[in-house]
Amino acid sequence: MRKNGFARHALIETLHTVQSSFGFLDDDAIRFVALSLHVPLSQAYGVATFYHYFTLKPPGKHTVTVCAGTACYIKGADKLIAAAEKRLGITPGQTTPDGQISLMTARCVGACSRAPVVLCDGEVAGEITSEQMLEQLERWAVE
Amino acid sequence: MTIEELEQIAKSVQQENAGYDYEVNVCMDLACASQGAGALKDALVKAAEAAGKKVLVRRTGCMGPCSHGPLVRVDPEETLYHHVKAEKAETIVQHLGGSPAPELQCDLNDHFDKQVRVVLENAGCIDPEKIGDYIAHDGYKALLTVLTEMTPSGVIHRITESGLRGRGGGGYPTGLKWGTVAKANGDVKYVVCNGDEGDPGAFMDRSVMEGDPHRVIEGMAIAAYAVGASKGFIYVRAEYPVAVSRLTTALREARRHGLLGNNICNTPFNFDVEIRLGAGAFVCGEETALIASIEGRRGTPKPRPPYPASSGLWGKPTLINNVETYANIAPIVRNGGQWFHDMGSERSKGTKVFALTGKIANTGLVEVPMGIKLREIIEVIGGGVPDGHKFKAVQTGGPSGGCIPEEMLDVGVSYDALLKMGSIMGSGGMIVMDDTSCMVNVARFFIEFCMTESCGKCIPCRAGTAQMYTLLTRICTGQGTMDDLALLEDLCVTVKETSLCGLGQTAPNPVLSTLKYFRNEYIEHILHKRCAAGVCQMAAVESENEVVA
Chain A
1 MRKNGFARHA
11 LIETLHTVQS
21 SFGFLDDDAI
31 RFVALSLHVP
41 LSQAYGVATF
51 YHYFTLKPPG
61 KHTVTVCAGT
71 ACYIKGADKL
81 IAAAEKRLGI
91 TPGQTTPDGQ
101 ISLMTARCVG
111 ACSRAPVVLC
121 DGEVAGEITS
131 EQMLEQLERW
141 AVE
Chain B
1 MTIEELEQIA
11 KSVQQENAGY
21 DYEVNVCMDL
31 ACASQGAGAL
41 KDALVKAAEA
51 AGKKVLVRRT
61 GCMGPCSHGP
71 LVRVDPEETL
81 YHHVKAEKAE
91 TIVQHLGGSP
101 APELQCDLND
111 HFDKQVRVVL
121 ENAGCIDPEK
131 IGDYIAHDGY
141 KALLTVLTEM
151 TPSGVIHRIT
161 ESGLRGRGGG
171 GYPTGLKWGT
181 VAKANGDVKY
191 VVCNGDEGDP
201 GAFMDRSVME
211 GDPHRVIEGM
221 AIAAYAVGAS
231 KGFIYVRAEY
241 PVAVSRLTTA
251 LREARRHGLL
261 GNNICNTPFN
271 FDVEIRLGAG
281 AFVCGEETAL
291 IASIEGRRGT
301 PKPRPPYPAS
311 SGLWGKPTLI
321 NNVETYANIA
331 PIVRNGGQWF
341 HDMGSERSKG
351 TKVFALTGKI
361 ANTGLVEVPM
371 GIKLREIIEV
381 IGGGVPDGHK
391 FKAVQTGGPS
401 GGCIPEEMLD
411 VGVSYDALLK
421 MGSIMGSGGM
431 IVMDDTSCMV
441 NVARFFIEFC
451 MTESCGKCIP
461 CRAGTAQMYT
471 LLTRICTGQG
481 TMDDLALLED
491 LCVTVKETSL
501 CGLGQTAPNP
511 VLSTLKYFRN
521 EYIEHILHKR
531 CAAGVCQMAA
541 VESENEVVA
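As you go down the protein sequences, you meet chains A and B in turn.
Residues in the first sequence are numbered consecutively from 1, following this note's numbering.
Residues in the second sequence are numbered consecutively from 1, following this note's numbering.
Some hints could be false.
[Claimed, not checked] Okay, derived cross-link-like pairs now, DSS-like style, lysine-lysine, Cα gap no bigger than 25 Å in a straight line:
(1) A:Lys79 - B:Lys373
(2) B:Lys390 - A:Lys79
(3) B:Lys373 - B:Lys390
If you are wondering where the hints come from, they were derived from the structure by calculation, not from laboratory data.
Given only the sequences and the hints, what does the whole structure look like? Please build it.
Rendered as structure tokens:
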């Protein structure tokens, strides 16, 4: 906040910083940011819920993000999502009950030339098959 | 900073490089990096040291053919190596100065010969984090020329003369836009760079921001001088962390060299740039929504007029251009408007960068002159559809674009030609589909995208896309009727004509274009409950078969 001079228009930057530090935005954090930047709580909450990048729920220990951009879709990303859903028993946006793995989808990470792409804890894995992805999930599950 | 000082920097970088016998450029763009380019670079440095050769190993931006990654280019011979693993570093170092290593050499002459590089001229030649590399390649020369020798109206005249049109997709003449902002009343004006590359399947802007960030900054500074602004914003998607860090470094370096800040080049011109992060909303590529997002609000569009050129960021006149548009500015200023005007087709000038992806042999970035035939891009540059499959369609323009069938491939690429075919130029994503793709399902995919990305402000877009999605889902599951199809077409027209912003107005394009060129697939889904590509699961048919059995 200080970096941006407590400017009200730096709300999105501030929320980014909070999320990268804590992993998600909880009610206390949003309230604190709104109070410090002198923006209405409704605006801060509105922004936090409007943008897909912000999450209000704590993520799992590991996150697998399947890219669902057009190039990945053409190359079978839907099958990857289905395989992950089946293995983990959750739908995209959820975390397994033991808090180990979160399943996410992304709107294009810009690595389209290597579609289909899966991000394993932020690491890009291109031209991935369902088997390779499931192997990774198995490794995480037994940790 | 003066022109003499700039030349001094360029000279010292060239002298430093001349101290090396060979230059080995390693592509470190996302695609190559995800295949181990980082380890490769370290291995090359080590191998060169061990062999006692004077080698400059340089990290560069995207070289183009990503499907051949990791890529390495050896200068001055310009030998391109592909699929280079870290353990091959020694082989490359051994072959320096001799004949190229045959097992690694990449033969893509057809791929490169058809291309013309303007925006990507530095891609694969400079280290994006070193301002000296950029200056040695004529960087910032255009800015200093403009500041010391040209008037703002002279700059606008040159851009108008070049015939450059907005590369974000709309194709609005850039010179005209600059002229409008320059004429607008107000002491405070802003220059904004739209780096919110929301189109799934497109990554040109990311590569430019990551591979050659100074080019974007220089373009923005020239624009600011021309329109009379002293503050700029680059709006980048949060999904591109590397682009953000490269731009941050570039801005810091530019400030340190006096190329941003107060009294640039000892003239009264002041300019500085701030980075603003997006947060994953496709609608923020729309200019009024982007402005709302920079102001720290929800990214919902506003009706236009007033256009941002008269009332934009905080109500001040604002110039908004795309990354690629700014990247074209410096070469136009350096080489003259006529030089740019001579390239391309009648109403679309210059070159365009496309991200070629999908079912095609050479995926990656290509830059071609406007007016080139789609067939040349796909079959010659792209190397055609692999694995013996048959080409079906090429999708341009992302969720706002359309699918172009085989019989239209001989049309030259231009804003107007693509619009006539029911698609748009868009920011430059080009996704090739073969016979394993079902066009009805593709249309449903895009409508689902637009449905979830709709900001919800206006009803045609919010409710219309949801209804279209329901109808398409019915057709895809074999429950559709011909009445559904008629309703769908009707709805397309309504949404197209009554939505508030570009997202809604173009959302029906994928449906309309597939209906136009692949209507038989829709009919087949409805009447015969059959999906030729085998993508759609026909629930209704399966249960019928069970009854028969």
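Status of each hint after checking the structure:
| no. | hint | result |
| --- | --- | --- |
| 1 | A:Lys79 - B:Lys373 | violated (34 Å) |
| 2 | B:Lys390 - A:Lys79 | holds (22 Å) |
| 3 | B:Lys373 - B:Lys390 | holds (19 Å) |
When held up to the earlier numbered hints, the structure conflicts with hint 1 and nothing else.
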